[in-house]
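Undergrad: These protein sequence lines map, in sequence, to chains Z and B. Each residue of the first sequence is one higher than the one before, counting from 1 in this note's numbering. Each residue of the second sequence is one higher than the one before, counting from 1 in this note's numbering.
Please note that a few of the clues may not be correct.
Said to hold, decoys possible - Beyond 10 Å from chain Z on every Cβ pair, some chain B residues (computed):
no., residue
1, I2
2, I8
3, D32
4, V88
Claimed, not checked - Quick list of the computed label-pair ranges, beta carbon to beta carbon:
no., chain 1, residue 1, chain 2, residue 2, range
5, B, G74, Z, H62, 27 to 37 Å
6, Z, L11, B, A18, 18 to 28 Å
7, Z, I3, B, R26, 36 to 46 Å
As the list claims (entries may be wrong) - Subject to a maximum C-alpha distance of 27 Å in a straight line, what follows is the list of computed DSS-like cross-link-like pairs (lysine-lysine):
no., chain 1, residue 1, chain 2, residue 2
8, Z, K42, Z, K90
9, B, K80, Z, K42
10, Z, K90, B, K80
No lab work stands behind these hints, which were simulated from the structure alone. Quick reminder that beta carbons are idealized off the backbone N, C-alpha and C, glycines included.
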Amino acid sequence: MPIVLDLLIALLILTGGAFALIGSWGLVRLPSLMMRLHGPTKATTLGVGGCLLASMLHFAVHGGRWSAHELLIALFLFVTAPISANMIAKAYLHRRNVLRDAEEGAPLPPAPPHAGWATFGDGGTAAKRDDQGR
Amino acid sequence: MIEVAVTIALGCLGLAMALNLVRLLRGPTAADRILALDTMVINAIAFIILFGIGQMSAISFEAALLLAMVGFVGTVAYSKFLLRGDIVE
Chain Z
1 MPIVLDLLIA LLILTGGAFA LIGSWGLVRL PSLMMRLHGP TKATTLGVGG CLLASMLHFA
61 VHGGRWSAHE LLIALFLFVT APISANMIAK AYLHRRNVLR DAEEGAPLPP APPHAGWATF
121 GDGGTAAKRD DQGR
Chain B
1 MIEVAVTIAL GCLGLAMALN LVRLLRGPTA ADRILALDTM VINAIAFIIL FGIGQMSAIS
61 FEAALLLAMV GFVGTVAYSK FLLRGDIVE
């Protein structure tokens, strides 16, 4: 039985490392920032999740103590990853649309008809005005 | 078996952090650099946890938890600074 558990722990560790590597590889290879957001926010949290599950199992099997406090980190990361991705995307859109000093990557999808892409808390009306005036 | 797996995974994570460093240095936008730093913090968390597994020490858990919190606050502060030109208004 411990062999099976060891195998499971090793598999979880390897999965976590592989997913972290894949996420960072995507961060380097993907062409524009909106695509680059996908690599880290999905794959790296999955990688950390694998490592945390492996740590829980490992200390339960070999350390003789059963505790779920690794789940705290996993919960915190799963809660904060979408928020930080949203903030980074908003900063990118703001610098691209309002300040116009960002790279010209892949074109953005069209905004809804009544407003532009909102970045500054005004519902995107400033960016929309700017688009129409151009 | 677990030692081998931990060694391989630590190598993977080191390579991943080197790739993040490439993105951090290349840019091209400021948001890219923030994203690279955020990813690097998450990889460092996984690295610390794997190191704790390898050393059989539970001390590294606190370091990982603190790094998770500080990393998130740092990412939000960077993005907020780019958006508003100020962090605490």
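Undergrad: With reference to the structure, classify each hint as holding or not holding.
TA: Hint check:
no., hint, in the structure
1, I2, "5 Å, violated"
2, I8, "6 Å, violated"
3, D32, "6 Å, violated"
4, V88, "15 Å, holds"
5, G74/B to H62/Z: 27 to 37 Å, "34 Å, holds"
6, L11/Z to A18/B: 18 to 28 Å, "25 Å, holds"
7, I3/Z to R26/B: 36 to 46 Å, "45 Å, holds"
8, K42/Z to K90/Z, "18 Å, holds"
9, K80/B to K42/Z, "22 Å, holds"
10, K90/Z to K80/B, "9 Å, holds"
Going through the hint list in order, the structure does not satisfy hints 1, 2, 3.
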